[in-house]
Amino acid sequence: MPETEKPKRKIDLNRREMPKQEHHLRSHNFLEVALGYTAELAMAEAQRCLQCKKPFCVADCPVQIKIPEFIQAIADGDFAAGSRILKERNSLPSVCGRVCPQEEQCEMHCALSKRGGTIAVGRLERFLGDWEASQSEMTLPETARPTGKKVAIIGGGPAGLTAAADLIKAGHEVVIFEALHKMGGVLYYGIPEFRLPKTIVDREVDYLRRLGVEMHTDFVVGKTRSMDSILDDFDAVFVATGAGLPWFMEMPGNNLNGVYSANEYLTRINLMKGYAYPRNDTPIKRHQKVAVLGGGNVAMDCARTALRLGAEATIVYRRSRTELPARLEEIENAEEEGVQFRYLTLPVRT
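If you're matching positions, the sequence shown starts at 1 in our numbering and goes up one per residue.
Keep in mind that a hint or two might mislead.
Mimicking EDC-like on lysine to aspartate or glutamate, the simulated pairs with C-alpha atoms at most 16 Å apart in a straight line are [what the hints assert, rightly or not]:
(1) K285 <-> E264
(2) K20 <-> E332
(3) K182 <-> E193
(4) K54 <-> E69
(5) K149 <-> D232
FYI, nobody ran anything at the bench for these hints, they're computed from the structure.
Just need the whole structure built from these sequences, with the hints factored in.
Quick look at the structure:
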């Protein structure tokens, strides 16, 4: 008897939207805007995946996560298996699911992207990370046998934490030296609470501690201890000190009172909780009008933060809306919340 053809699978282009706070509420608080998928929404979104034989999403993932496999596990309702698959390559899923630019990497190359219904890889990644954290016990992965090698990591930001996770799993002894009083780097001081709650960062850092990573805060290499002595005591050193000093425009007024680099502005608010002054010790000026020069994710973070502090916030960008380098999701959130945009505009000398 001739084989009967399998019925063709109907392609579902209806990407499941993630619930979020209403804009008229969230613009007045620092609570997380995106509320995450429910289990039902996550399974419905995962079931849209075509399970391509040649998954370009994997090829364009910086850490080569087995995306179709963890998505299939979600579709099957086996969240524990999905989490195990995900954490083989990514030890910070709750963080990456929130802030990784998936639309420029894995999601951009999804087979459904040309038809407008790209699989929400990042949202599914976030779902698994948050689901595992909600369980009574988080399963620790197996690590390789101890190699006897010791690695120092200078900087406890995303690069340092990622390297630490991979190295500890490979069997090496890992020690992180962080200059600030909190681990996380830009995840802690640079990204606002409403986009990445600090409890999430603390949770991911604690996971690495449980894996065996040793961490030291308030430790400035070169002052607390010399680089030479570290090189003497370790087999290898990974330097992950971050982007460094901010860059200012070469024009008069950069040093005026009320002019901040994005780095300082966000650090005062995110790390030092300046918005709670005088209850907290670090002040931040609350101006009636705030102009933010730039159009990337950091600019959106600054403008949306200023808005929450009661200011009329305006993004000043030298190109058009379609050329904004920020994530579309962040642009739309800023617009919904009331941030003003002035395009094709550049500050000039007076």
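Next item on the list: Would you check the hint for K149 and D232, treating anything up to 16 Å between C-alpha atoms as holding?
Entry: holds (13 Å)
Next item on the list: Take a quick look at whether K285 and E264 sit within 16 Å of each other, Cα to Cα.
Entry: Distance of about 12 Å is within 16 Å: holds.
Checklist line | Pairwise hint evaluation, E193 against K182, where the allowed Cα distance is 16 Å at most | finding: holds (15 Å)
Margin query: Does E332 sit within 16 Å of K20, going by the straight-line distance between their CA atoms?
Written below: holds (12 Å)
Notebook entry, point to check: Given the hint that K54 pairs with E69, does the C-alpha gap stay at or below 16 Å?
Noted result: holds (13 Å)
Violated hints are absent here; each numbered hint is respected by the structure.
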